[in-house]
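There are 2 protein chains.
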Amino acid sequence: LSLRDEIHEQPEVAGGFLDRARPAVEAIAAATADRPIDVVVIAARGTSDHAAVYAQYLFGALHRLPVALATPSLVSLFGIEPRLDRALVIGISQSGRSPDVVSVIASARRQGAPTIAITNAPDSPLATAAESSIDLLAGPERATAATKTYTAQLLAIATLVAAMPDRDASTGFAGSREERRSALDAIPAALIAALTAEGDAARLAAERRDLDRCVVLGRSFDYATAREWALKLKELAQVHADPYSAADFQHGPLALVEPGYPVLAVAPSGRAGADIATLLERLRAEHDVDALVISDDAAIRAVGRGSLALPAGLPEWLMPVVSIVPGQLFALHLTAAKGLDPEQPRWITKVTETR
Amino acid sequence: LSLRDEIHEQPEVAGGFLDRARPAVEAIAAATADRPIDVVVIAARGTSDHAAVYAQYLFGALHRLPVALATPSLVSLFGIEPRLDRALVIGISQSGRSPDVVSVIASARRQGAPTIAITNAPDSPLATAAESSIDLLAGPERATAATKTYTAQLLAIATLVAAMPDRDASTGFAGSREERRSALDAIPAALIAALTAEGDAARLAAERRDLDRCVVLGRSFDYATAREWALKLKELAQVHADPYSAADFQHGPLALVEPGYPVLAVAPSGRAGADIATLLERLRAEHDVDALVISDDAAIRAVGRGSLALPAGLPEWLMPVVSIVPGQLFALHLTAAKGLDPEQPRWITKVTETR
Numbered sequence: 004l005s006l007r008d009e010i011h012e013q014p015e016v017a018g019g020f021l022d023r024a025r026p027a028v029e030a031i032a033a034a035t036a037d038r039p040i041d042v043v044v045i046a047a048r049g050t051s052d053h054a055a056v057y058a059q060y061l062f063g064a065l066h067r068l069p070v071a072l073a074t075p076s077l078v079s080l081f082g083i084e085p086r087l088d089r090a091l092v093i094g095i096s097q098s099g100r101s102p103d104v105v106s107v108i109a110s111a112r113r114q115g116a117p118t119i120a121i122t123n124a125p126d127s128p129l130a131t132a133a134e135s136s137i138d139l140l141a142g143p144e145r146a147t148a149a150t151k152t153y154t155a156q157l158l159a160i161a162t163l164v165a166a167m168p169d170r171d172a173s174t175g176f177a178g179s180r181e182e183r184r185s186a187l188d189a190i191p192a193a194l195i196a197a198l199t200a201e202g203d204a205a206r207l208a209a210e211r212r213d214l215d216r217c218v219v220l221g222r223s224f225d226y227a228t229a230r231e232w233a234l235k236l237k238e239l240a241q242v243h244a245d246p247y248s249a250a251d252f253q254h255g256p257l258a259l260v261e262p263g264y265p266v267l268a269v270a271p272s273g274r275a276g277a278d279i280a281t282l283l284e285r286l287r288a289e290h291d292v293d294a295l296v297i298s299d300d301a302a303i304r305a306v307g308r309g310s311l312a313l314p315a316g317l318p319e320w321l322m323p324v325v326s327i328v329p330g331q332l333f334a335l336h337l338t339a340a341k342g343l344d345p346e347q348p349r350w351i352t353k354v355t356e357t358r
Numbered sequence: 004l005s006l007r008d009e010i011h012e013q014p015e016v017a018g019g020f021l022d023r024a025r026p027a028v029e030a031i032a033a034a035t036a037d038r039p040i041d042v043v044v045i046a047a048r049g050t051s052d053h054a055a056v057y058a059q060y061l062f063g064a065l066h067r068l069p070v071a072l073a074t075p076s077l078v079s080l081f082g083i084e085p086r087l088d089r090a091l092v093i094g095i096s097q098s099g100r101s102p103d104v105v106s107v108i109a110s111a112r113r114q115g116a117p118t119i120a121i122t123n124a125p126d127s128p129l130a131t132a133a134e135s136s137i138d139l140l141a142g143p144e145r146a147t148a149a150t151k152t153y154t155a156q157l158l159a160i161a162t163l164v165a166a167m168p169d170r171d172a173s174t175g176f177a178g179s180r181e182e183r184r185s186a187l188d189a190i191p192a193a194l195i196a197a198l199t200a201e202g203d204a205a206r207l208a209a210e211r212r213d214l215d216r217c218v219v220l221g222r223s224f225d226y227a228t229a230r231e232w233a234l235k236l237k238e239l240a241q242v243h244a245d246p247y248s249a250a251d252f253q254h255g256p257l258a259l260v261e262p263g264y265p266v267l268a269v270a271p272s273g274r275a276g277a278d279i280a281t282l283l284e285r286l287r288a289e290h291d292v293d294a295l296v297i298s299d300d301a302a303i304r305a306v307g308r309g310s311l312a313l314p315a316g317l318p319e320w321l322m323p324v325v326s327i328v329p330g331q332l333f334a335l336h337l338t339a340a341k342g343l344d345p346e347q348p349r350w351i352t353k354v355t356e357t358r
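Chain order of the listed sequences is B and F. For any residue, its number in this note's numbering is found by taking its place in the first sequence, counting from 1, and adding 3. For any residue, its number in this note's numbering is found by taking its place in the second sequence, counting from 1, and adding 3.
Treat each hint with caution, since some may be false.
Because identical chains cannot be distinguished in the list, a pair is counted as satisfied if it fits within a single copy or across any two copies.
Result set (SDA-like, lysine to any residue): computed pairs, CA atoms no more than 25 Å apart in a straight line [unchecked claim]:
| id | residue 1 | residue 2 |
| --- | --- | --- |
| 1 | LYS341 | PRO262 |
| 2 | LYS341 | ASP169 |
| 3 | LYS341 | GLY82 |
| 4 | LYS341 | ASP215 |
These are calculated hints, taken from the structure and not from any lab test.
The task is simple: from the sequences and hints, build the whole structure.
Printed below as a string of structure tokens:
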């Protein structure tokens, strides 16, 4: 079963990335110091787009850089290239082959902007188009649903952003560059610990084998996790899973909830998790929802009717590399509990080339 | 019935905006020429966030400016202010009262960036916080679900972006500034024409009164329309409506479709609409989906099992101001067909103040 194997390979992939890719990523980060950067532009699709959402919060939190998610259709359909001469431009794609993502990077490079590809395929068109390329070294991913390449993308982004030299605008939010570097070293062990949630994930999934719709809440750094968890539930278990930030959810979609309505949430300890926990308490008290919570904090987990534990000790800005793991396991076991095939979701292919 | 009245007021609101607000918007646009702008940052929530998505494509298509959608939680939860000294910063909010949106504008103004509020409440905290403010002049909106303030927000954005002086980087995509200005004049009549879809919308809604889940497809300029249509279906008719760009849909969520699965699409004539039409043809041929299409092009409408007509003649970049109208009407009549109250969706309030 390659999907389950690939989920369980994640600690090894992360350890391998830190051992073998970190020096190259640090060199790429150091080189950005010589370039004028007012904004970061990221092109990505699907799961990789959720890695881009994580990057959006990380560049903002550590370096106060605004991040624009690219609108590839302006390039690919209309031939309009965004002005990117003071931008750092990043393309993220497991296969490195989606033409719309490649077109944004090629345009940026022609304009002289620093360009970075993050891909699991170092000879791909995306890697070739970019000035610098980060190889995820995750090994072949055979299951259609991306798992180990997603956490490897997040780790690559965290390594890159943490290694970027502090500028006047940098915040110290995650400590000094040395402190950020050593925080990364805790990731492989945290991934091993997160995988021990599998028994609980299987049990909670079996109890919810009829799950066909839900919302998935996250906020700030872990908004990306909510998006990615929802996508796994859609593509693997055919659940209409709708991801929201806790704030956007209250601007309309709240009208969907009723007693027993399933609300999944990623709420690690920290300010964003506390915000989600407050919302969940209200949803349980006022609407008696079926809350299922992923958290490292036992008090937040207690807000859920069911919960999945995360290891303690990771800072909020690194938690998304690990917090998706119980979500992946829940989606895998829900797929099995529904009698569906986790290896090959219907209709879709591993490499999707959109324009 | 204020919701239906407000939907039908949209031509009058648009005409009033062009008559009375355009000179002020053009002055705001002219003033941006003196400021260094490498990026546009927009803060918004809910329906207003869909106006921001429209702005993202419009700034890119006309002026090649990358647009970052703000991450308000970094300011409101973590106290981290993004560096915005070469950004044009826009806050969009019907009520002008969401503290997280106000906090982004206040931070940008402290940093000396040009700031613009777009709101229906000229004395609101948002309007006061910004250097310039655009009043939508839409009159009080009483229904909880936003309709006339949404199209007024789009029209305000279109007026602003079209009136911005061309820079070296500008594309000529939508013609000269004079041509862009006169294109806007066609909007009120186009809104009147779009409202004639009400009979078809009521009939199609009655046929689909059991609709409880669907995807809503749009691309490029009309990706915003897909997002907004899905939100109306959620908050009014309690439908799990999931919006996608045609590209992102093929990266995973395609696994949800099966024979008879409802696929709603906004596909006006033009390159993005042609792209959606191609996808819809494939979804009908391979998966026998129940496609419902909004388009001004009879050949594209024929791809749907059902369709709603848009008036012909609007350029692709202005179509979103009008293309949501048949979607609003469909959501209204579906709500009525389900026996739900369109005036007051359950649980939510007109003004949502999130941090």
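Structure-based check of each hint:
1. Taking CA atoms no more than 25 Å apart as the test, LYS341 paired with PRO262 passes in both settings, with 23 Å inside one copy and 19 Å between copies.
2. Taking the closest pair of Cα atoms, LYS341 and ASP169 never come within 25 Å of each other, the shortest separation being 49 Å inside a single copy and 56 Å across copies.
3. Taking identical chains as interchangeable, the C-alpha atoms of LYS341 and GLY82 are never at most 25 Å apart, the minima being 44 Å within one chain and 44 Å between chains.
4. When the C-alpha separation of LYS341 and ASP215 is checked against a cutoff of 25 Å, the pair qualifies both within a copy, at 10 Å, and between copies, at 21 Å.
In terms of the numbered hints stated before, the structure departs from hints 2, 3, listed from lowest to highest.
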